[in-house]
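Protein chains: 2
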Amino acid sequence: MWRPDRADKTPLYQQIVDHIERRISYAELPPGSALPSERKLAEQLGVNRSTVIQAYEELRASGLVESIVGSGTRVSRTKWGIAPSHTPNWRQYTEGGTFLPNLPLMRRIREATSNNSSIINLASGELSSDLFPNDIVHSLLREQNFNEHLGYDDPQGFHPLRKSLVSSLKQYNGIHTTESSILITSGSQQSLYLITQCLLSPGDAVAVEDPSYCYSLPMFQSAGLRIFRLPVHHDGIEPDDMIRLYRQHRIRMVFLNPNYQNPTGAILSESKRKRLLEAAALLRIPIVEDDPFSLTAFSGAVPPPLKAMDTDGIVLYIGSLSKIAASGLRIGWMIAPQSVIGRLSDARQQMDFGLSIIPQWVAEQLLASGRFDDHIARLRRALDQRQEIMVQSLSDILQNKVAFSPPQGGLNIWCKINRPVDDSKLLEESIRRGVVFVPGSVYGSEPGFIRFSYAKPRLEDIPAGIAAFNQALGMM
Amino acid sequence: MWRPDRADKTPLYQQIVDHIERRISYAELPPGSALPSERKLAEQLGVNRSTVIQAYEELRASGLVESIVGSGTRVSRTKWGIAPSHTPNWRQYTEGGTFLPNLPLMRRIREATSNNSSIINLASGELSSDLFPNDIVHSLLREQNFNEHLGYDDPQGFHPLRKSLVSSLKQYNGIHTTESSILITSGSQQSLYLITQCLLSPGDAVAVEDPSYCYSLPMFQSAGLRIFRLPVHHDGIEPDDMIRLYRQHRIRMVFLNPNYQNPTGAILSESKRKRLLEAAALLRIPIVEDDPFSLTAFSGAVPPPLKAMDTDGIVLYIGSLSKIAASGLRIGWMIAPQSVIGRLSDARQQMDFGLSIIPQWVAEQLLASGRFDDHIARLRRALDQRQEIMVQSLSDILQNKVAFSPPQGGLNIWCKINRPVDDSKLLEESIRRGVVFVPGSVYGSEPGFIRFSYAKPRLEDIPAGIAAFNQALGMM
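Residue numbers (my numbering), protein chains in the order written: chain A, 12 to 487; chain B, 12 to 487.
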C-alpha cells in the first residue's frame, strides 16, 4: 500500500494530496466515492491526523472532493471533470532533461539583440552580412544547375565537398589529409558536440583554455565533464600546465584554439606548439584543435594549425565556413582518425541523419570556384579595417580606462578594464544605452574583462558603440 | 602512494606496467633513472615478486627499460623516445561516450547496401529517387532567385517556412497552429532526439509501441530511459494499456505513430484516439505523435492526426518532408506548446546552431508552390502501384509462407513468417542472395516478423527481391 515518503522534500500533506489526486485522475476513485475518515486514513498512512485534515482541506479547496456533515468526505460528483488540470505540467518537463540551458548572460545578450534591431552589436561573433560571399552563392545557385540526388547523403558528408576540402586544407592550412578522414558537420558547434557526447564519458576530466569559448558552452557541463583550466598567456597556454593537469586529474582531452584564440586573440607560439605536441603524444592525450579564424590573418600569412605538425595523429581538427564565409550555410568539418570519424558519423545519423545536400553542394562549389580566394582576400581587408576603427575608438574614447593588444586576425579584441566592475551590471547599463558586448565571465575569466567583436556592426556604429559603453562604464 | 587495484579486471602485472609507463611518459622517471629492485617493489606494492618480474619483463620487451647485470633495472636512455606508443588509444575513446552505437543488425544492413549497389533494397524506408520532387526543386533553385540573408537563422527556423507550414498543416492534416508553436528540425530524427534529451531525464519511464521504430533508436537507451511497451493491434494500441503502464511505472511520455504505423502499417481507430486523448489528459502525460506517412494515403483521404483533436495541448506533433518529398532536404518540424519550443530551440542552438537557410528556403518554396499538391498526388499513385506489385509478389512467390495485411498508405508491409526462424541468419542468407529487408527484432518484435519496404527498389526488382528472399527462407 502507498505511504508518504518521509525522505522526500515535499510536505507530507502535499504528498497525500498528490496521491489522492492521481487516484481520482485515473478513475480508481470515481466521482461520488467515499474517502476514508481523517482518523482512519491517518492510521493507514502512519501520519498525524492534522496532516490528513490539511490534505483534505487542500482537496476541498480545489473542488476535487466535498465534505458533507454526516456523510464524510467524497470525490466531487459535479466538479470532477474540471478539477485536475488537463495539460501536462510543461514547466516540469522543460526544467528536466540532461541538456542544460544556455548561460543566463548569453540568453540576456540574445534577448537584447533580438528585441532591438537598432542596438549596436559588439557581442556577436558573426560576420556582418555584407562580408558574406552573397553574390557568389546567389550566382552559383542560379547558374551552376544544382542537379544532385535528394536522398540521404553519405554519413560522412557529401563526397565532392570532402574532396574540395582536401585541396583547400592543403593550400591554405598546410594540412595533408584524405576524404575518408573528414566528417562534414553542421559547423564547429556540432563537431564539439559530437566529440563531447561520443568520445568522453560523464566524470571525465578535460582541459580548456582560460578564458575560453568552450567555458560558455553548456554542452561541456551537460556531458558531465570535469573541466580544468589552462591559463592563456600572450603566446598561448603553457604545455607544462597541461602536464600538471594530467598528473593531478588524468585529463582525457585538451580543447585548444591556437590561432587568434577566442576571446583573447592569442597565437600559440611555435616553440610551445612543439612541446605541446610532444607532451600530448607521450601522455597519449588527444588535442581538439578548434580553428575557425586562421584564414582571417590580415597579412595573408595564415598561421599553420597544430594539425599541420601532427605526425602522431593526436589532433582532432575542427574547421568551418561560419567565420570566414557565411554562418547560415552551417558547414563545418572535422579531421580525425578513421575509427573516430566512423564512431561520430554513426552517432550523428542518430541525432539528425546528417546535413542537407544543398548547402554542402553550395560549399563545394564555393571552395572549388576560383572566387573563394578573392572572397577571403576581401574579407581580410575588411576585418583589418574594422579592427583599426575599433582600436582607434577604444584609444580615443576609453583612453586609459582599458588595456588591450589587438591581434593580427580574428574577429575580437579582448580588453581589460583598469578597475574592478560588476560584469552583469555593466552589461545592463550598456544595453540601456544601446550597445551589447560579451562580458569576460562568459569565458570563465575573472571580472573586468570584455570581448568586443568588430565583425558584425556597421562601420560607423563602432565608435558610437564604444562611446555608449564608455557612458555605461561611467555609471559603475 | 600508488598500489595496484585488486578489484580491477586488469592483471596486476599489467597495472604495474601501465603505471610505470605513465610515470616514464610524464618524465617523473627520466631516461637512465633507476627502478627499484624486484624484491623491493614487490614489498612496496604488496604483490608477489613474480608479478613484478613479469611486469619488468614486459617493460624490457617494449624497450622502455633495460636491465644490466650488477646495476639493476633502469629507464632506457636510447630507446626512450620510441618506446611508448605515441597515439592516443582511440579504441578506448570510441568505445566510451554516453552515445550508444547503432544496433548491429541496422549496421549490417547499412554495410550490405553500401558495399553492393546491385543489392535489392527492401529495407530502406527512403523513397526511390524518381519519387522525389527533383524537377520542382531544381527549377526552384534556378528560377526563384534565392536571395536570403546567409547569417544565423531564427533559432525556431526560417519564418516564411513556418508560415507555409501553418497553411499546409491546416489544409492537409486539419491541424490549426501558429508560426510561434513550430520548430523546424533536421527531420523527425532530430525532433525525437531533442525531446529525449531535453524533456526527459535518465531513469524516466516512457511507453513506445510494440513493435516500434523507436525501439531501434539507440537514442532512447542513450538518454537512459526505461522503455515500456504498448502492443499494436490491427487498430492500434489499447488506451487501457497506457493507463496500466502509468499505474505500474509512472510513464512520463508516450511515443506513438498513429497513421500507417512503422512497421505494422496499423491505423489507430477513431474511438481509441478519443479514449487515448482523454486518458492522457487526465493522467497529464504528453503524447509524442510521429506522423511521417499520413500524406501518402493512397486514396487521398488523409487520416487526421491526434494533434487535430488535441484540445488540451498534450500532443507534441512531429512531421517531416523525408517520407513525402525528399529525405536529403533534411526538413522536419515539431508543433508544441511555446515553453517546450523555447527550451528545445535553445538546446538545438548548442548542438548545431540550427539548419542552413538554403534547404529551408527550398522547402518553403516547394510548399508554397501549387506544385506540391501535384507531387503528392503523383507520389500516392506511385506508392499504391509499388505496394500492389509487392503484394502480388508475396502472394505468388511466398504464398502461405507469410501472412500480412497491406495498409492503405505508408511505405511498408509487415509480414509474419508462418514458422519460427532465426532473424539474423535469415538476413545473412538473404544478403548472400542479393536482397535486404529489416528483421522484426529491430522493432522489438518476437522473431519471425519482417518489414518489407516498397519505397526504394526499382519496380522490376520487387518480384526478384521477394524470390531471393524465398530462396533464403528455404535454407532455414
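Think of the hints as simulated: they come from the structure by calculation, not from any bench.
Hints may be right or wrong, so weigh each one.
Unchecked claim - Which chain B residues face chain A? A few, computed with CB under 8 Å, are given here: (1) S197; (2) I368; (3) P431.
Remember, predicted model here, so these are calculated numbers, not experimental data.
Ideal placement from N, C-alpha and C gives every residue a C-beta, glycine not left out.
Does the interface hint hold: is B:I368 within less than 8 Å of chain A, judged Cβ to Cβ? Check passed: Cβ of B:I368 comes within 4 Å of chain A, closer than 8 Å.
Return the status of the interface hint for B:S197: holds when the least beta-carbon distance to chain A is below 8 Å, violated otherwise. Holds, because the Cβ-Cβ distance from B:S197 to chain A comes to roughly 4 Å (cut-off 8 Å).
Any CB of chain A closer than 8 Å to the CB of B:P431? 31 Å, violated
Of the hints listed earlier, the one the structure fails to meet is number 3.
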